[in-house]
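Trainee: Chain residues, written in single-letter form:
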Amino acid sequence: MQVWTQTLVTPILITSLYLFVFGATLGERISVVDGFSYAQFVIPGLILMGVINNSFTNTSSSLFMSRHLGSIADLLVMPLSSKQIVAAYTLAGMLRGLLVGVVVGLVSTQFATLPWAHPCYAVLMAVIASMLFAVLGLMAGTFADSFDGLSLYINFVILPLVFLGGVFYPISILPPFWRTVSQCNPLFYLLDGFRHALLGTGDISLWLAFILSGGLTLILILAAVYMVEHSKRFRA
Amino acid sequence: MGYSSSMKPALEIKNLSKTYAATKVVDNLSFSIAPGEIFGLLGPNGAGKSTTINMIGGVTRIGGGEINIYEHKITPHQSAPPQAKRLTGIMHQEIVADPFFTIQQALALHPGFFGIRRDHQWYDYLIDRLQLRPHIHKGMHQLSGGLKRRFMLAKALIHKPRLLILDEPTAGVDVELRHTLWQFIRDINASGTSILLTTHYLEEAQQMCNRIAILKDGCLVALEQTDILVQYERTRHFDLHLRSPMPTIPPVLQRFNPTLNKAGTRVSFVASANDDIGAIVAELVASKMVVHDITSSEPSLEEIFLRLTRETRPKH
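Keeping their order, the protein sequence lines are chains A and B.
Under the numbering used here, think of the first position of the first sequence as 1, with each following residue one higher.
Under the numbering used here, think of the first position of the second sequence as 1001, with each following residue one higher.
In case anyone wonders, no lab produced these hints; they're calculated from the structure.
Any given hint could be a false lead.
[As the list claims (entries may be wrong)] Label-pair ranges, simulated between beta-carbon atoms: (1) L174/A <-> Q1105/B: 46 to 52 angstroms; (2) P1044/B <-> Q84/A: 34 to 40 angstroms; (3) F1100/B <-> P175/A: 46 to 52 angstroms.
[Said to hold, decoys possible] No farther apart than 27 angstroms at their CA atoms in a straight line, the calculated lysine-lysine pairs in the DSSO-like style are these: (4) K83/A <-> K1073/B; (5) K1024/B <-> K1014/B; (6) K232/A <-> K1073/B; (7) K1138/B <-> K1148/B; (8) K1160/B <-> K83/A; (9) K1262/B <-> K1288/B; (10) K1014/B <-> K232/A; (11) K1024/B <-> K232/A; (12) K1160/B <-> K1008/B; (13) K1073/B <-> K1008/B.
The beta-carbon is built from N, C-alpha and C at its ideal position, and this holds for glycine as well.
So here's chain A without its partners, still in its complex pose (with noise of 0.2 angstroms):
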């Protein structure tokens, strides 16, 4: 939160862009999805990208900034366990992913009325979302050697993720070959299950989302605070 205009500023800006795009000017051009406007449709997918990409990118620059400065070695000679720096890097990701999914989330009231069918799980699952990426983040920063290489994790993991997980389409639209990928990205699950719970309704059942996606996330915090305690590129 120190640097404020980077962390938040810019991401709410550039998803507000996308809001703007999709939403108000291409929105008003395509027909309507499932029964919703493209502009419904669309801007549920466009919270959730906003709070995943916002999560990873914060865990994962954080912690490869640290290893790249050397400031980690402050870290490890705190008394904290593999457990605490897990919880303590997901929880910072998560925060920023969620402010910055809030603050889409106003900015998208401006564009299109959702319906709210399920608030609660509504939020449930975009805390998922953020905790899975933010743990993903995680170990994108422990592996990344360079710059360079946490670029490649954005821009060939979590943009195709992204892409192809049914933000800007349902993926019911796809050819059954594609279909059958899209259903093998874990994003899609989020998506779907963070979309039926603004819309009431989704391609697959709410909670096939949340078990997949809740077990996807504990399995991965479970290999993160596995990897802190015995990666050796967290610590030699």
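Once you have looked at the hints, place chain B on chain A.
Mentor: Positioned in the frame of chain A, the structure of chain B alone reads:
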């Protein structure tokens, strides 16, 4: 300070080893530091000092052996328990500082990471003794090298550790600040904090340390009380100042391989502690030479360090 076996050590290292890419950087290292002791760990670059410190601090995993910090054990299979880390303060060799914080913010946050509340009196003491008061609102990028070193020392001490590890604390600081830091470290030690110090300034080690260990290629080549270590080299350097020039070196001095200055009025040689200097001078006087002054000096720690690190085979 001598080490008494009845005292529980502040730090005990047993058969410590670390290997990086098939190279043993620390090899079967063992030593202990008594409570209240200042212990020097010396060695040329790459001797394994920083790796040893990083293993003590938990920055690097232990390869083999064990470390006990006030009886809290660390082994290759058992990372440092929180109690051990709370008792330890480390000032790293590299400038390690989060660039986003000012001195005040960083020192306010740091005790919390060690599970203790900020002690305002202790904070003020450190800020004033290390002359950081005019700079507390400055960010890390605004600090000079000397200020960063002082900040790092304050940060290492802010949680009141009982074992302070200083990895080249005065590297790159000016002479005046070095002496200020030495006095501050002595005062911290006088209050009961045990100190492990690595330095390339051998004068610093000689002045500060009760005992000194010298590492070479990750192995211990010497471990002794400082005053005993400086007598390791059982030789002394002599200068005989003559009233009138000496044309040639007399036979009595030949075996010492002496040197004569250009004017021929000063003969310099190194004699062992067993040589009878009185008898040598008597022979010179008998040969009509007027010796009007004799100066002698013991070998410096630097000479001993160089001999040990160049010639000595590591002992396990």
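Trainee: Would you mind marking each hint as holding or not holding in the structure?
Mentor: Do the hints match the structure? See the list:
{"no.": "1", "hint": "L174/A <-> Q1105/B: 46 to 52 angstroms", "in the structure": "holds, 50 angstroms"}
{"no.": "2", "hint": "P1044/B <-> Q84/A: 34 to 40 angstroms", "in the structure": "holds, 38 angstroms"}
{"no.": "3", "hint": "F1100/B <-> P175/A: 46 to 52 angstroms", "in the structure": "holds, 48 angstroms"}
{"no.": "4", "hint": "K83/A <-> K1073/B", "in the structure": "holds, 20 angstroms"}
{"no.": "5", "hint": "K1024/B <-> K1014/B", "in the structure": "holds, 16 angstroms"}
{"no.": "6", "hint": "K232/A <-> K1073/B", "in the structure": "holds, 21 angstroms"}
{"no.": "7", "hint": "K1138/B <-> K1148/B", "in the structure": "holds, 11 angstroms"}
{"no.": "8", "hint": "K1160/B <-> K83/A", "in the structure": "holds, 25 angstroms"}
{"no.": "9", "hint": "K1262/B <-> K1288/B", "in the structure": "holds, 20 angstroms"}
{"no.": "10", "hint": "K1014/B <-> K232/A", "in the structure": "holds, 23 angstroms"}
{"no.": "11", "hint": "K1024/B <-> K232/A", "in the structure": "holds, 17 angstroms"}
{"no.": "12", "hint": "K1160/B <-> K1008/B", "in the structure": "holds, 20 angstroms"}
{"no.": "13", "hint": "K1073/B <-> K1008/B", "in the structure": "holds, 13 angstroms"}
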